[in-house]
Amino acid sequence: MMGNLFSYFYQFADVFSFLVLSAAGLAIIFGMMGVINMAHGEFIMCGVYVTAATFHAGLPLPLAQACGTLVAALIGMVLEVVLIRPLYNRPLDSLLVTWGLSLVATQGTLVLVGSTFPGIGTPGGGFEVGGYGFSVYRMVLFAASLLVLAFVYLLFMRTRFGVHARAVMQNAGMAQALGVRRSQVYALSFGIGAGLAGLCGALYAPTMSLIPTMGASFIVEAFVTVVVGGSSVLLGTAPAAAALAIVRTGLNAWYGQIIGQIGLLIAVILIIRVLPDGFSGWLAKRES
Amino acid sequence: MLNLLNGPQTMGRGRVFWICAALVLAAALVYPAFADPYDVGNFGYFLIWIFMALGLCVMWGLCGMLSFGQTFFFGIGGYAYGVLAIILGNGPAATIVGLFGAVALAGLAAAVLGYFMIYGRISGVFFGIVTLSFTLALAFFLGQTAGPEWAIGRARLNGFNGMQGMSPLSVPWFGGPVVLEETALYYVLVAGLTATYLLLRVLANSRFGNVLVAVREDPERAELLGYDVRRYQLIAFVLGSALAGVSGVLYTSWGQFITPSSIGLPAAAMPIIWVAFSGRTDLTATLVGTFLLLVGFQTLTIYSQETALVVMGALLAATILFVPRGFVVGIGELLARPRRKRLAPALSPDDARP
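Residue numbers (my numbering), protein chains in the order written: chain A, 37 to 324; chain W, -11 to 342.
Since the hints were made in silico from the structure, they are not lab data. Only a predicted model underlies this, so the values are computations on that prediction, with no experimental measurement involved. The beta-carbon is built from N, C-alpha and C at its ideal position, and this holds for glycine as well. Do not take every clue at face value.
As the list claims (entries may be wrong) - Stretches of chain W that chain A covers, calculated by requiring three or more beta carbons in the stretch to come under 8 Å of a beta carbon on chain A:
#, segment
1, 105 to 115
2, 121 to 127
3, 170 to 184
4, 187 to 200
5, 257 to 264
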């Protein structure tokens, strides 16, 4: 009984952390700038590859993961300045530019690194509840997803950058008139979003086989979480991830992974039919 | 109806344009007499993809819906044709039922998905990522159908290896049915593409096409003028997606195989690149640009497919950053400029004033 209950929680936590970690970076960039970063999967892939490379070079895993996160964040900031800045106020065009970038990054990695890369074994071993075995690392991932939500909350609600960012989000012109540098805020936001994507990759690096096209296995979940969640990470992404995780966990348990994914998509189009602005739009409407 | 071939929504209206178009068509018609059958088949292969590019041009360029789902409907059309052609066997009747059945299924899928998205007021960037999510999910789903339990009748889906061995399209002809391969297929493709292009031109300049453009320019204004925007969007979406289904059927029939890799990434990005590069607002530009890109892509692929895809990605980014309206449209406007200057005095706004 205990084992069964914990098993349901464990599976929910596994899906929930996957959705939150893969969507957080995408949601921050979308919420701040209205831009959907189509190269999101490639920032994740970048986090994975840098983590694996530095780990094989001898760094301990947590440090290697920090490297993966930082490299993705830096690349993100540079690309924001070069590619996204000319396209402010043209969200569809920035979507297309980042899609071009995504193709270049995936195929470029295939050319430069090759189609396989040595992986990292999953650390942490297992533990047992009520006769069932579970992986410790999956619980670490769950904790990490909660920490990411806490980090986003503190960053946007408790720091000077957060005040500037929310000001730009509400009224960019007024914020600029008060001395906030919009382009600086955007570059930082894009960097943070790319960094969170890199973190997602770094955290999942020990659980996956490394191929340059691996970004594609994250983006469907990231996209649908952001579509259902809407523009706010805390009010949107987190509840959307929880709701979708419940749907997905149930379907996975009864019908298997692929039905789980298809069911997830059907749930998504049903939800957007009812809540066109996602959870955060619905919550905002209820408050006002 | 013929006077709708020329209108505000399509470039190339002068006599020079139509003479050039007729020359191109004539050259395409005599081409098989001078080339060997393999090259003719390869030339036909390029034409197959242009249907889905024109479909994207209608929904994105005319109506403003950026769908990343062209390969989703391409895949539904292709796989449906494969299943039907395996179950029904060969011969004109069976394969033509396969063709129409598969395109109808793609259209139906577009109607269902489009209903939920368009009537759920999904637009802009979300329209793109929802359609892409469905596309990738279909590719993942078909990729794991390797087991024998994934079969419809005699037709096995075969996972990543894809379906093969379906009978190619054939048509009744004087003196017995003709299987559409190489030269025969080529002529059918030229005829089909010419008809599709001309019909879409008429559609673009008709009342319906003008409403689509009004919706693209400002959906709220169009709605305030009394048009049910969502109905027009849904029709454009179904039409464009059904054209992707046509490409899928033709592709499957052309090579007698289809795999999930024609649906997922990077295949899903290709229609967007063709149409963005060409200039999404114009059918002629899309037709010409898509053809040029397909030829260029195949030439590069001979050396390295990865490099070819890097070039395509860079081309998409460069188009959006430097020529957002598209290269071919830009060139078309340059060509049209001197003529317009000569006409300018007669059309200047001063003359129109009382």
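Evaluated hints:
| no. | hint | in the structure |
| --- | --- | --- |
| 1 | 105 to 115 | holds (count 8) |
| 2 | 121 to 127 | holds (count 4) |
| 3 | 170 to 184 | violated (count 0) |
| 4 | 187 to 200 | violated (count 0) |
| 5 | 257 to 264 | holds (count 4) |
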